[in-house]
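Participant: Here is how the chains run, residue by residue.
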Amino acid sequence: MSKKRIGKALGEMFKTAMEEPVTVKYPFGAVIVAERFRGKLDVDPIRCTGCGVCEIVCPAGVITMVPVGKRSIGQREIEVKKPVFDLYTCISCGQCVEDCRFGALALTNKFELAVFDKGSLIMKKALKVVQ
Amino acid sequence: MSEEEKERREVGAGLMEYSPENLVPFGPVHPSLKEPEYFKLILEGEKIVEVHPRIGYVHRGIERAAQDRTWVKNIYLFERICGICSFAHSLAYTEGTESLTEFQIPVRAKYLRVLIAELERIHSHLLWLGLVGYWTGFDTLFMWIWKDREHVLDLLEAITGNRVHKSFSTLGGVRKDLTPALVSKLEEETKFITERVKYYETLVHSEETLVSRTRGVGRLTKEIAERLCPVGPLLRCSGIDRDVRKEDPYAAYEFIQPEVKTSNAGDIESLLSIRLAEVTDSCRMISEALDRLPEGPVRVPFPRIIPRGDAFFHVEAPRGELFYFIRSNGTPKPERVKIRTPTLANLLTAAEMLKGRPLADVPVVLTGIDPCFGCMDRVTVIDVDKSKKWSVSGEELRVYGIEYYRRGAGKR
Amino acid sequence: MQLLQLLVFPGLTFFVWIAFAFEWLERKTAARMQGRVGPMIAGPFGLLQPVADFLKLASKEQIIPKHSEKFVLTWGPPLYFAAPAIGIIFIPVIGNESIIGHPLDLLFVLFVLAFSTLMASLLGYSAAGRYSTIAVGRLVVQYTSYEIPLILSVISPAILAGNLSLGGIVSAQSNYWFILSAPIGFAVFIIASLAELEKPPFDIPSAKTEIVGGWMTDFSGNALAYVKLTKNLSYVFLSALAVTLFLGGPNGPVLFHQIILQYVMNTIYFMVKLFSVGFLIFVVKTALARIRIDQAAELFWTILTPLSLAQLGLVILLR
Chain A
1 MSKKRIGKAL GEMFKTAMEE PVTVKYPFGA VIVAERFRGK LDVDPIRCTG CGVCEIVCPA
61 GVITMVPVGK RSIGQREIEV KKPVFDLYTC ISCGQCVEDC RFGALALTNK FELAVFDKGS
121 LIMKKALKVV Q
Chain B
1 MSEEEKERRE VGAGLMEYSP ENLVPFGPVH PSLKEPEYFK LILEGEKIVE VHPRIGYVHR
61 GIERAAQDRT WVKNIYLFER ICGICSFAHS LAYTEGTESL TEFQIPVRAK YLRVLIAELE
121 RIHSHLLWLG LVGYWTGFDT LFMWIWKDRE HVLDLLEAIT GNRVHKSFST LGGVRKDLTP
181 ALVSKLEEET KFITERVKYY ETLVHSEETL VSRTRGVGRL TKEIAERLCP VGPLLRCSGI
241 DRDVRKEDPY AAYEFIQPEV KTSNAGDIES LLSIRLAEVT DSCRMISEAL DRLPEGPVRV
301 PFPRIIPRGD AFFHVEAPRG ELFYFIRSNG TPKPERVKIR TPTLANLLTA AEMLKGRPLA
361 DVPVVLTGID PCFGCMDRVT VIDVDKSKKW SVSGEELRVY GIEYYRRGAG KR
Chain C
1 MQLLQLLVFP GLTFFVWIAF AFEWLERKTA ARMQGRVGPM IAGPFGLLQP VADFLKLASK
61 EQIIPKHSEK FVLTWGPPLY FAAPAIGIIF IPVIGNESII GHPLDLLFVL FVLAFSTLMA
121 SLLGYSAAGR YSTIAVGRLV VQYTSYEIPL ILSVISPAIL AGNLSLGGIV SAQSNYWFIL
181 SAPIGFAVFI IASLAELEKP PFDIPSAKTE IVGGWMTDFS GNALAYVKLT KNLSYVFLSA
241 LAVTLFLGGP NGPVLFHQII LQYVMNTIYF MVKLFSVGFL IFVVKTALAR IRIDQAAELF
301 WTILTPLSLA QLGLVILLR
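Protein chains in written order, with our numbering: chain A, 1 to 131; chain B, 1 to 412; chain C, 1 to 319.
What the hints contain is simulated information worked out from the structure, not anything from laboratory work. Even for Gly, the Cβ is constructed at its ideal location relative to N, Cα and C. There may be inaccurate statements among the hints.
Not everything, but these chain A residues come out facing chain C in the computed CB check (under 7 Å) [said to hold, decoys possible]:
hint, residue
1, G7
2, A9
3, T16
4, A17
5, V22
With a cut-off of at most 35 Å between alpha-carbon atoms, the simulated DSBU-like pairs for lysine-lysine come out as follows [what the hints assert, rightly or not]:
hint, chain 1, residue 1, chain 2, residue 2
6, B, K40, C, K208
7, C, K56, A, K118
8, B, K185, B, K246
9, B, K333, A, K118
10, C, K70, B, K40
11, C, K228, B, K147
Please build the complete structure, drawing on both the sequences and the hints.
Facilitator: Okay, structure coming up:
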């Protein structure tokens, strides 16, 4: 253990002052996120079959399946459903991405999700393709 | 009347004598507390006579919420109990749940769990060390340590995808694997952290103003520790050699043994050196884990329904022993999950350590236990008539409620 | 003409701007030494940030707590501001003489320092909060501790100069600075200044992690703006006092015959010394942790008071 003295930090202080500051000037400069960063959820409307697994597994209740039309298989007519994403409740855990066997879902590296209008975070991309 | 009850009454009687002028509120909103919690400090001048914690400000009903969610969804729920030790929570929950089944978790996944747990320990300890600087008015130390802690957080983001809520451990293994680039980055950063910690170790033991605030402050003796049962670094600083990683190894801790460092001083300075030594040790364990990392899958398919049974599981979170009790009734949802976080075990010890100290020591000692009130807050009952206060479990509350209505007190 | 000097240059307005500059320098140096960037938005390099902060705070609503002494809380901050504002005009800046010199103005300056602490404790007590009450207790303890070393260290230059006026002390330093014969006195003065200014390691009466805002906890809006400005002005005041007493005031190595040029050069010398002393205080402040009040009292009574007494004896022998 080294000897007690006052002002032990001085040397390191001047060293730090000579170095570049580590502050990220965020709104003016970009933040680089990692490759695996789990950000905003994105859906590929073409790949999505509307199976509804994501709705079941989502822990935050982001996904609701809404009926978009009818399709007949043989004699029966069944309702076709597609997911709507309320991204403002999304916790970016990635469970839906993991369980989507069609690879329709992905987490992008976008993280700026602050909006004035909550409605603008409702993603209805998957609906449009069917209509 | 038992001895304990007598003592409690005496304390209660003593309380009445203090005028409100002697009472200084510490919290629920206070610059040195990260989370809301209220401490009634009764002072005589600068000296503290009594400390009465009042918990329950951030009770979020997570244990109840867990009963309505499936086993997988609960991973993400329990992770959100605490931001700093989020992985310890998900680790305890997943390992506890896995122990109810007969599935074998791949060894590589176990190693990766250790890796992330140790990275989390580093970042949690560094956070606390920085805050010690902040509490003692040494803002420079605070800024430096948090600057270095950022490296660990970036590493966690690169490996797991998020800085705070890692969502890494899942039922049946882990969700992501390491790449060669990440391995080299890990090696580089652990070297960097070891280097920096070495500097901080000399700094905190030699900068006189800092030493004068930490040495001999909040002395915790072995007797008090045995009586009040603190956990984690706080227990180890009183000279009791206990670490869940060593005594009841989980994940891959049987292959990668930690070095448990204890100290007999029991003050904040020894807490500092214990936590710094643990950071160095974690760096060593990470490089050891990287060296021995076996090949293979990181995840096995896991059923959605867990067989009936009870599981007790405890892990060594950065703050101490984290305890989980999980009961399954063979459905897709757990019947009951009970969590005991380290802060709850440590809080009364901190209150005890404060007695007789000047007010200036409150932030250092109280937060020296590295409290996480958000994790801790469960149900608190305040009975005004008897001026007693205790935490109750859900079951006790249910019984209490039934009795309350049976007595007819609920009828208005 | 004298009134203009008092109010504009080298009087109040000049020093208030220096006070803002000091705050900027304090924040910027601390930030750079901690690996941050510090203020950078308002003005070039964030130079106008302290001004912006002051204006914003001054334009806010002042909340007066229910049980506080309203009269003191309203009129106290201007009086508190008056203390360093009056004291600072006795500092010689452009020449060997200050604007309103007096043969005994050193004593008045010391009185102003004491008055400033008195006002602070009065303000804290009248706010009647629990945190401010504790803070005032600490403030008074700290004051009783640092006042004696401070005054003892101030006496040394006065004895060396054989004069009790600041102008006389500056004139006596035309050959050599008193820091050479009274180095311990200078060190004690700087440490006592840190205590007077409530800066680390002596920010005990305003320790935010212990007692929230110290004696300023219950202040808001206009009053807080003035209290903060006063603290910065005291900062300048004490640094200027250190320059005057120990570093030769506006005396410089080169003399000019042209009177205006001499004034300009004197001001520049003074400013350089002022900012050096200020910088010294910033660095010390950044490098240390806060100590406890009992430790501070112990430090002042057992170490610094004997040291300054020894310095006094040495100075008397030298003379």
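Participant: If a hint holds in the structure, say so; if it does not, say that too.
Facilitator: Status of each hint after checking the structure:
1. Nearest Cβ of chain C to the Cβ of G7 of chain A: about 5 Å, under the 7 Å cut. The hint holds.
2. The interface hint given for A9 of chain A is met, as the beta carbon of that residue sits about 5 Å from the closest beta carbon of chain C, less than 7 Å.
3. Given hint, T16 of chain A at the interface with chain C, holds; its Cβ is 5 Å from that chain's nearest Cβ, closer than 7 Å.
4. For A17 of chain A, the suggested interface contact is upheld, since its CB lies about 4 Å from the closest CB of chain C, less than 7 Å.
5. For V22 of chain A, the interface hint holds, since its Cβ comes within 7 Å of a Cβ in chain C; the closest pair sits about 5 Å apart.
6. About 18 Å separates the Cα atoms of K40 of chain B and K208 of chain C, which keeps this hinted pair within 35 Å; it holds.
7. Taking the CA atoms of K56 of chain C and K118 of chain A, the gap is near 31 Å; set against the 35 Å cutoff, the hint holds.
8. As the CA atoms of K185 of chain B and K246 of chain B are separated by approximately 28 Å, the hinted pair is consistent with the 35 Å bound.
9. Taken as a hint, the K333 of chain B and K118 of chain A pair is honoured in the structure, with Cα atoms around 31 Å apart against an allowance of 35 Å.
10. For the suggested pair K70 of chain C and K40 of chain B, the alpha carbons sit about 29 Å apart, so the restraint of at most 35 Å is met.
11. Distance restraint check for K228 of chain C and K147 of chain B: the Cα-Cα separation of roughly 29 Å lies within the 35 Å cut-off, and the hinted pair is therefore satisfied.
Of the numbered hints listed earlier, not one is contradicted by the structure.
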